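Visitor: Residue numbers (the numbering used here), protein chains in the order written: chain A, 1 to 146; chain B, 147 to 346.
Keep in mind that the hints are not guaranteed to be accurate.
As the list claims (entries may be wrong) - Think about it this way: if two alpha-carbon atoms lie no more than 20 Å apart in a straight line, the pair counts; the simulated EDC-like pairs of lysine to aspartate or glutamate are: (1) K219(B) to E343(B); (2) K337(B) to D116(A); (3) K109(A) to D307(B); (4) K84(A) to D69(A); (5) K271(B) to D243(B); (6) K326(B) to E88(A); (7) K142(A) to D116(A); (8) K253(B) to D118(A); (9) K56(A) to E10(A); (10) K270(B) to E289(B); (11) K253(B) to D39(A); (12) K330(B) to D116(A); (13) K332(B) to D118(A); (14) K326(B) to D116(A); (15) K326(B) to E128(A); (16) K127(A) to D307(B); (17) K253(B) to D322(B); (18) K110(A) to E343(B); (19) K330(B) to D39(A); (20) K251(B) to E88(A).
Said to hold, decoys possible - Over the 12 Å line for every Cβ pair with chain A, so calculated as not near, a few chain B residues: (21) G161; (22) M164; (23) P168; (24) A171; (25) K182; (26) K192; (27) Y246; (28) T252; (29) D255; (30) F288; (31) A318; (32) A331.
Note that these hints are calculated values from the structure, not bench results. All of these numbers come straight from a predicted model, not from anything done at the bench. All C-beta atoms, glycine included, are put in the ideal place defined by N, C-alpha and C.
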Amino acid sequence: VVVVCVGGGEMGFKRFVEVGRVVLIEYGAEYGKIAVIADVLDQNKCLVDGPTTGVKRQLICYKRIALLDQVVEIPRGADTAAVKAAAESAKIEETFAATTWGKKHANRKKRALLSDYDRFKLMVARKEKSRLISKEYKKLKKQAAK
Amino acid sequence: MVQVEKPVGGEKNGGKRMVTRPKEAKYYPGEDVAVKRTALVHKAPKLRGSLTPGTVVILLASRFRGRRVVFLKQLDSGTLLVTGPYAINGVPMRRVDARYVIATKTKIDVSAVDVAKFDDAYFKKAAAKKSAGGKKSEEAFFEAEGTEKPKKTLPDSFKADQKAVDASLVKALKSDPLLKCYLKAKFSLTKGQAPHEMVF
């Protein structure tokens, strides 16, 4: 009996470590950057390359990367030039930026760079938004009570 | 270092050669003379790049900790001269150590503010008059406990100076109400915030 999980494959996973898988680097000097898996070393590490995003060709362990949805067509062990050409034509950065994950990622980056005054302005904006929502809600509540 | 001609042996070596040697002094004193040191000149230490006049700054210590104030200039002692402005957040013109301050990225135009006359002597507390006896006696101590201490009031000149310095700042902030609210608000850390990870 083969159990097929909802939203997953036979194994219950959707994204696999494979040549061409686009990854997000979650730890280290290249934190937050996108790269492509050029080759797989073993069960712990793979060779990753991101010529269009500033990631040097390097071995990286899976604990430091997050797999994204996109897979790029490259031969196993493709050199940096080939990865660059494939990444450019597949538009890996734009594709990621268009996803919900990509938008949240971009927002988090923006929040980290907010200055003290920006944070104050943000607080004021949130208070104002909450005030407007509350005002409307109270109005509707009053109407419903009638 | 000078070039000195030195004779060189061996028939095929040209007979002489130019050699670099340290220059010899023309005069050596007969007795040992103490070397005179140049007097140490005290200069205010160079401030970190984020602290420029007009920067909004967060005070980390003292009675006004957490307050956002405007940095005006560095005094000769190395301390910073800051002002609330007083009309906005109640912080008067004050000296503050540069190390007890976080500089934010927000800058206000202070070119119209004249702070030339303010220096360390202006802020130094007037030396308290010592009692006539010199020594503290038990009777004098208990006597003093009963009497009312004279109230220390700030001389009007200080208030006038404060107003003069704050005038242009308050005017500029009138046109930017959000910035005015920002200076009124106190800074504090909330859960999850780490100052070493934050941009100010």
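Visitor: Work down the list of hints and note, for each, if the structure agrees.
Guide: Here's how the hints hold up against the structure:
1. Proximity of K219(B) to E343(B) is assessed by CA-CA distance (about 28 Å); at most 20 Å being required, the pair is judged violated.
2. For a cut-off of 20 Å, the pair hint linking K337(B) to D116(A) stands: about 16 Å separates their Cα positions.
3. Taking the CA atoms of K109(A) and D307(B), the gap is about 45 Å. The hint is violated against a cut of 20 Å.
4. Restraint check for K84(A) and D69(A): the C-alpha separation of about 19 Å stays at or below 20 Å, so the hint holds.
5. Taken as a hint, the K271(B) and D243(B) pair is honoured in the structure, with Cα atoms around 17 Å apart against an allowance of 20 Å.
6. For the hint pairing K326(B) with E88(A), the CA-to-CA distance comes to about 48 Å; that exceeds 20 Å, so the pair is violated.
7. Restraint check for K142(A) and D116(A): the C-alpha separation of about 39 Å exceeds 20 Å, so the hint is violated.
8. The hinted pair formed by K253(B) and D118(A) meets the criterion: a straight-line CA distance of about 13 Å does not exceed 20 Å.
9. Distance check on the hinted pair: K56(A) and E10(A) sit about 34 Å apart at the alpha-carbon level, beyond 20 Å; violated.
10. For the hint linking K270(B) to E289(B), the alpha-carbon distance of about 30 Å lies beyond 20 Å, and the restraint is violated.
11. Of the pairs offered as hints, the one joining K253(B) and D39(A) is violated, with about 50 Å between alpha carbons and a cut-off of 20 Å exceeded.
12. Annotation: proposed proximity of K330(B) to D116(A) holds, straight-line Cα distance about 14 Å (limit 20 Å).
13. Pair hint K332(B) plus D118(A) holds up; C-alpha atoms about 14 Å apart against a cutoff of 20 Å.
14. Proposed proximity of K326(B) and D116(A) is supported: the alpha carbons are some 14 Å apart, at most 20 Å.
15. Under the criterion of a C-alpha separation no larger than 20 Å, the hint pairing K326(B) with E128(A) is consistent with the structure, at around 17 Å.
16. A hinted pair counts as satisfied when its Cα atoms are at most 20 Å apart, and K127(A) with D307(B) does not qualify at roughly 38 Å.
17. At roughly 13 Å between alpha-carbon atoms, K253(B) and D322(B) fall within 20 Å of each other, so this suggested pair holds.
18. Between K110(A) and E343(B), the direct Cα distance comes to roughly 13 Å. Compliance with the 20 Å bound is thereby established for this hinted pair.
19. Taking the CA atoms of K330(B) and D39(A), the gap is near 57 Å; set against the 20 Å cutoff, the hint is violated.
20. Simply put, K251(B) and E88(A) have alpha-carbon atoms about 36 Å apart, too far for the 20 Å limit, and the pair is violated.
21. Against chain A, the non-interface label of G161(B) holds: every CB pair exceeds 12 Å, the least being about 61 Å.
22. No beta-carbon of chain A comes within 12 Å of the beta-carbon of M164(B); the shortest separation is about 52 Å.
23. For P168(B), the requirement that its beta carbon stay farther than 12 Å from each beta carbon of chain A is met, with the minimum near 49 Å.
24. With 12 Å as the threshold on Cβ separation, the claim that A171(B) sits away from chain A holds: the shortest Cβ distance comes to roughly 56 Å.
25. Non-interface call for K182(B) relative to chain A: holds, since the shortest CB-CB distance, roughly 51 Å, exceeds 12 Å.
26. With 12 Å as the threshold on Cβ separation, the claim that K192(B) sits away from chain A holds: the shortest Cβ distance comes to roughly 24 Å.
27. At roughly 16 Å, the least C-beta separation between Y246(B) and chain A is larger than 12 Å, which holds for a residue marked as non-interface.
28. Under the 12 Å C-beta cut-off, the non-interface status given to T252(B) relative to chain A is violated; the minimum distance is some 4 Å.
29. No Cβ of chain A comes within 12 Å of the Cβ of D255(B); the nearest lies about 15 Å off, and the non-interface call holds.
30. Distance to chain A confirms F288(B) as a non-interface residue, since its nearest Cβ pair spans about 51 Å, more than 12 Å.
31. Every Cβ of chain A is farther than 12 Å from the Cβ of A318(B); the closest lies at roughly 15 Å, confirming the non-interface assignment.
32. The beta carbon of A331(B) sits about 6 Å from the closest Cβ of chain A, which is not more than 12 Å, so the claim that it is off the interface is violated.
In the structure shown, a violation is registered for the earlier hints numbered 1, 3, 6, 7, 9, 10, 11, 16, 19, 20, 28, 32, in ascending order.
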